[in-house]
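Novice: Residue strings, one per chain:
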Amino acid sequence: MLELDDIHVFLKRTYVLKGISLFVRRGEIVALIGANGAGKSTTLAAISGLRRPRQGRMVFRPEPGGPELDLTKAPAEEIVAAGLSHCPEGRQIFSQLTVKENLRIGAYLRRDQEAVGKDLDWVCRLFPVLAERLGQRAGTLSGGEQMMLAIGRALMSRPKLLLMDEPSLGLAPLIVEQIFEILARLNREGVTLLLVEQNAQLALELAQRAYVLETGRMTLTGTGKELAGNELVQRAYLGAV
Amino acid sequence: MSAYVLEQVFNGLILGSMYALVAIGFSMIYGIVRLINFAHGDIVMVGAFVTLALIAVPGLPFPLIALLVMAAGLILGVLIERAAFRPMRGAPQVTGFIASLAVSILMQNLGVLILTAQPRNFMLPEYLQTIFHLGPLTVRAIDLAILIASVVLMAVLVLMVKRTRLGIAMRATAENIDAARLMGININRVIMFAFAIGSSLAGMAGLMWGGKFGQIDPLLGFVPGLKAFVAAVIGGVGSIPGAMLGGYLLGLAEVLFVGLLPPIYSAYRDAFVFGTLILILLILPNGLLGRSVEERA
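Keeping their order, the protein sequence lines are chains X and E. Under my numbering, the first residue of the first sequence is numbered 1, with each subsequent residue one higher. Under my numbering, the first residue of the second sequence is numbered 1, with each subsequent residue one higher.
Hints listed in this document are in silico derivations from the structure and should not be mistaken for laboratory results. Note that this is a predicted model, so its numbers are computed, not measured. Among the clues, some could well be false.
[Unchecked claim] List of simulated lysine-lysine pairs, DSSO-like, C-alpha gap at most 27 Å:
1) K100/X <-> K118/X
2) K100/X <-> K162/E
3) K12/X <-> K100/X
4) K100/X <-> K18/X
5) K118/X <-> K212/E
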């Protein structure tokens, strides 16, 4: 569904991604783990069209057997329209807008107003706290609620592939658990997930497959279980001694 | 209140309306692209001259002229954005600022070259010059029209920004460009619309400026541009309601300063205006309605 082949990205003059290759199959949850500054978020930004790779091939195929979208060239709005949604690091909700406006703007490119209304109800059922706060400014929400809003907003475009950046960042363990449950549920309902996470343990539990990114290079890949059992991963990311 | 004071207040509101219309453009554009567009005032000048040219066309009804002037401002704003600012997207803020100064100087000098620096009389249709009495007030039809048209335009704008899809997209873009792009918002289009809307209002302000003062010249954009910039800063640059508030406050303050103090002080009106600006910024560094926006990483 998603394929990256030897992607190189520079941020200003810094060489951040030094030839990343990965793929995501339909229906999977794939985790991308690694330390701070390894290039995880940059990888997602490259996929969603916010940062252009200097070199490499990167394609997205929303429908099986359907046409491919060249992610190295397509503008960000075309990528969203094709069914790829990116829930950015640090939530980045629009704090001056109301909760409802945030959700509506997630469906910015959609013209099927009736279905958008239904999806709004769906997101509200998924995150009942949001339903109670639709008219409130998003900036007044708590961190966990903002994370839920960010996910809800990303879902409003009806993505086939969801890029999730650090859903556990700065949240209480109980909330994190709740959010990971929702992610698992979304996956069962047919949303493919590419998950960037610093909390490797959580990520490897949820994901079927995972990649380990170290200073701009992929160093390891395998199933979630394999990596969780890998000695290097244990030592570097799971806190084993 | 005496009729004199009332009249001064009315005059202040008219001047304030024009400042507000221009200030909105400053604020909208700054809010989205973080650009102080110093060429914005010169669109006022072009609006005034387009009005003058259209008045000379026989049989053109004035409301239609007003619409055409707004259209002219809109087109000019979009062209300037395309030619001068889009190529510099992503450059440091200072670059855009200097580019806008260049555009401003270019427009003023083109104006002098084509139109000469000679001030021209701005002839309004008869019915807009009629003088009538509103209670104790003696007003010209054009003054009343300026006030009403400004309020209507601002109301439409506020509704648009609050309610429409484009309005929400503009607010989202003003807050976080990257997140807005992730929603599928075409940033270039939002920026284009901000220039289009702001510049059409500035064009309209040009028509009003000519109508109010009766004389226009190619350098007239400087004063309303600078004052409207001050108004936008007082209100909190980036905030549309702030720009409106700042515009009216500035207009009122200026007129009342000249009107109510002994005439020997009237030469200091600009000193007063900028003194007020400094004072307000000392107390409220973000302006009256501005918010402190932490810089994003």
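Novice: Each hint needs a verdict: does it hold in this structure or not?
Specialist: Hint-by-hint comparison with the structure:
no.	hint	verdict
1	K100/X <-> K118/X	holds (13 Å)
2	K100/X <-> K162/E	holds (13 Å)
3	K12/X <-> K100/X	violated (36 Å)
4	K100/X <-> K18/X	violated (40 Å)
5	K118/X <-> K212/E	violated (53 Å)
Hint check: violations occur at hints 3, 4 and 5; the rest are consistent with the structure.
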